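Fit chain G to the known structure of chain C by using the hints.
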Amino acid sequence: QKEVEQNSGPLSVPEGAIASLNCTYSDRVSQSFFWYRQYSGKSPELIMSIYSNGDKEDGRFTAQLNKASQYVSLLIRDSQPSDSATYLCAVKDSGYSTLTFGKGTMLLVSP
Amino acid sequence: EPEVTQTPSHQVTQMGQEVILRCVPISNHLYFYWYRQILGQKVEFLVSFYNNEISEKSEIFDDQFSVERPDGSNFTLKIRSTKLEDSAMYFCASSVSLTGELFFGEGSRLTVL
Numbered sequence: 001q002k003e004v005e006q007n008s009g010p011l012s013v014p015e016g017a018i019a020s021l022n023c024t025y026s027d028r029v030s031q032s033f034f035w036y037r038q039y040s041g042k043s044p045e046l047i048m049s050i051y052s053n054g055d056k057e058d059g060r061f062t063a064q065l066n067k068a069s070q071y072v073s074l075l076i077r078d079s080q081p082s083d084s085a086t087y088l089c090a091v092k093d094s095g096y097s098t099l100t101f102g103k104g105t106m107l108l109v110s111p
Numbered sequence: 001e002p003e004v005t006q007t008p009s010h011q012v013t014q015m016g017q018e019v020i021l022r023c024v025p026i027s028n029h030l031y032f033y034w035y036r037q038i039l040g041q042k043v044e045f046l047v048s049f050y051n052n053e054i055s056e057k058s059e060i061f062d063d064q065f066s067v068e069r070p071d072g073s074n075f076t077l078k079i080r081s082t083k084l085e086d087s088a089m090y091f092c093a094s095s096v097s098l099t100g101e102l103f104f105g106e107g108s109r110l111t112v113l
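Sequence order for the protein chains is C and G. Residues in the first sequence are numbered from 1 upward in steps of one, following this note's numbering. Residues in the second sequence are numbered from 1 upward in steps of one, following this note's numbering.
Chain C extracted, bound-state conformation (with noise of 0.2 angstroms):
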């Protein structure tokens, strides 16, 4: 059975700072890795994908992937009110399409 494991939060941030969410995965083949945004009441939004170990930047934000570790990361610079949400990590293995979510964690920046 593949984990994907958030903490849930909420992960207080003031306006401004950097905001750091962490997951991780149980199941080694996993090829892909993906950061979702979900507003209360609303749908999952791609923030960012990453499928090789190392940093990938993207505007104000930052996802590191480590294989080794089983270890994703995503860093929001200059967190704004708006970035309150929930942060979903996702894994999908290679040639499959399913996509297996983590339970999400909450971000709160206050301003």
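No lab work stands behind these hints, which were simulated from the structure alone. Each hint should be verified, as a subset may be incorrect.
[What the hints assert, rightly or not] Once the Cα atoms are required to be at most 25 angstroms apart in a straight line, the calculated SDA-like pairs of lysine to any residue come out as:
1) C/67 to C/42
2) C/42 to G/65
3) C/67 to C/26
4) G/57 to C/45
5) C/42 to C/106
6) C/56 to C/18
7) C/42 to G/111
8) C/42 to G/8
9) C/103 to G/16
10) G/42 to C/109
[Said to hold, decoys possible] Take a look, some chain G residues computed to stay more than 10 angstroms from chain C by CB distance:
11) 14
12) 29
13) 72
14) 76
15) 95
Keep in mind that this is a model prediction, so the values were computed, not measured. Quick reminder that beta carbons are idealized off the backbone N, C-alpha and C, glycines included.
Just chain G now, with coordinates in the frame of chain C:
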């Protein structure tokens, strides 16, 4: 910007009734999915659909569930005889390829009484 649309946004039904949830995926996408999220729980995979057939399904997707693409645009999820535990938000999603970069619709909230 193209988007996945779902109807209805909320449906209330009695236990044992059949429900059909409808989705219009993004037009150039080839892969279609249904996920569900019980209140306060994880987003869970139900089924994926490609080339007019199911490509993968989870243990949740039992004989009470079926999917269909009745025409070139709609993608439907049918629950034959609803149970209380089917109450959830059902998300349709689509993707261009198998990368895992899914675009989700706004969801259909199903309440079974």
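For this session: Starting from the hint list further up, note which numbers the structure goes against and sort them upward.
Result: Numbers 1, 9 and 15 - these are the hints that the structure violates, sorted from lowest upward.
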